[in-house]
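**Q** Residues per chain are reported as follows:
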Amino acid sequence: QKEVEQDPGPLSVPEGAIVSLNCTYSNSAFQYFMWYRQYSRKGPELLMYTYSSGNKEDGRFTAQVDKSSKYISLFIRDSQPSDSATYLCAIITGGSYIPTFGRGTSLIVHP
Amino acid sequence: GAGVSQTPSNKVTEKGKYVELRCDPISGHTALYWYRQSLGQGPEFLIYFQGTGAADDSGLPNDRFFAVRPEGSVSTLKIQRTERGDSAVYLCASSLTDGNTDTQYFGPGTRLTVL
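For the record, the sequence lines run as chains A and B.
Sequential numbering from 2 applies to the first sequence in our numbering.
Sequential numbering from 5 applies to the second sequence in our numbering.
Treat the hints loosely; a few may be bogus.
[Unchecked claim] Below, computed lysine-lysine pairings styled on DSBU-like, alpha-carbon distance capped at 30 Å: (1) B:LYS15 x A:LYS43; (2) B:LYS82 x A:LYS43; (3) A:LYS3 x A:LYS68; (4) A:LYS71 x A:LYS57; (5) A:LYS3 x A:LYS43; (6) B:LYS19 x A:LYS43; (7) B:LYS19 x B:LYS82; (8) A:LYS71 x A:LYS43; (9) A:LYS43 x A:LYS57; (10) A:LYS3 x A:LYS57; (11) A:LYS3 x A:LYS71; (12) A:LYS43 x B:LYS21; (13) A:LYS57 x A:LYS68; (14) B:LYS82 x B:LYS21; (15) B:LYS21 x A:LYS57.
Because the hints were derived from the structure by calculation, they are not lab data.
Looking at chain A on its own, in the form it has when it is part of the complex (with noise of 0.2 Å):
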């Protein structure tokens, strides 16, 4: 079993759908929760960081965890064709600086 596990996908939406994103993990150590964007033959971009449970929001990405069932996630709002991308859950332990990586779920919005 992955540390980190994410569907592949693909997801595909219609535009302004709302998305939902997700990752599990087994480590209870991993303190620390970040989801990027990758987009093709690019290199990720941070998108959303987080240390505790609950739900932080930026625009329209919101990013919840919920450390008792080892669950992460993030939603987009009013999801647009320039959302689509791969989205890549990381998880850092704490004290550490590296960042283990999901699979990455590939999401498509069509217009």
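Take the given structure of chain A and dock chain B to it, following the hints.
**A** Positioned in the frame of chain A, the structure of chain B alone reads:
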């Protein structure tokens, strides 16, 4: 430019050859990271530099892989006796310091194909 740059963008080589991949981090960033991303997978950590020294090379898969950062800026990832299984996108990232809350900024990657 202000971002992390990597050269070449694509490299095709034959099995058994030696390759060098270059990373130019954001100016002033002391921490530099190399990752490898295989098709359909997330990036996997290879090695991390703080300044000129390799602070953590635990992700290097074997002794065919080596990286240097002699002046604390540009880094080169070197792969000897390449194998087909080395084919992947090699990503470089830099951050201002090595704190676990510091944002890592990624370059576009070098796509390595070993024939």
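**Q** Compare the structure with each hint and give your call.
**A** Hint by hint, here is what the structure shows:
Restraint check for LYS15 of chain B and LYS43 of chain A: the C-alpha separation of about 16 Å stays at or below 30 Å, so the hint holds. At roughly 22 Å between alpha-carbon atoms, LYS82 of chain B and LYS43 of chain A fall within 30 Å of each other, so this suggested pair holds. Taking the CA atoms of LYS3 of chain A and LYS68 of chain A, the gap is about 17 Å. The hint holds against a cut of 30 Å. Among the hinted pairs, LYS71 of chain A with LYS57 of chain A is consistent with the structure: their alpha-carbon atoms are about 17 Å apart, no more than 30 Å.
A hinted pair counts as satisfied when its Cα atoms are at most 30 Å apart, and LYS3 of chain A with LYS43 of chain A qualifies at roughly 25 Å. Taken as a hint, the LYS19 of chain B and LYS43 of chain A pair is honoured in the structure, with Cα atoms around 26 Å apart against an allowance of 30 Å. For the suggested pair LYS19 of chain B and LYS82 of chain B, the alpha carbons sit about 15 Å apart, so the restraint of at most 30 Å is met. Restraint check: the Cα-Cα separation between LYS71 of chain A and LYS43 of chain A comes to about 29 Å, which is no more than 30 Å; the hinted pair holds.
Distance check on the hinted pair: LYS43 of chain A and LYS57 of chain A sit about 26 Å apart at the alpha-carbon level, within 30 Å; holds. A threshold of 30 Å between alpha carbons decides the hint, and for LYS3 of chain A with LYS57 of chain A the separation of about 26 Å falls inside it, so the pair holds. Restraint check for LYS3 of chain A and LYS71 of chain A: the C-alpha separation of about 13 Å stays at or below 30 Å, so the hint holds. Restraint check: the Cα-Cα separation between LYS43 of chain A and LYS21 of chain B comes to about 26 Å, which is no more than 30 Å; the hinted pair holds.
Proximity of LYS57 of chain A to LYS68 of chain A is assessed by CA-CA distance (about 14 Å); at most 30 Å being required, the pair is judged to hold. As the CA atoms of LYS82 of chain B and LYS21 of chain B are separated by approximately 11 Å, the hinted pair is consistent with the 30 Å bound. The hinted pair formed by LYS21 of chain B and LYS57 of chain A fails the criterion: a straight-line CA distance of about 48 Å is larger than 30 Å.
In summary, the one numbered hint that this structure violates is 15.
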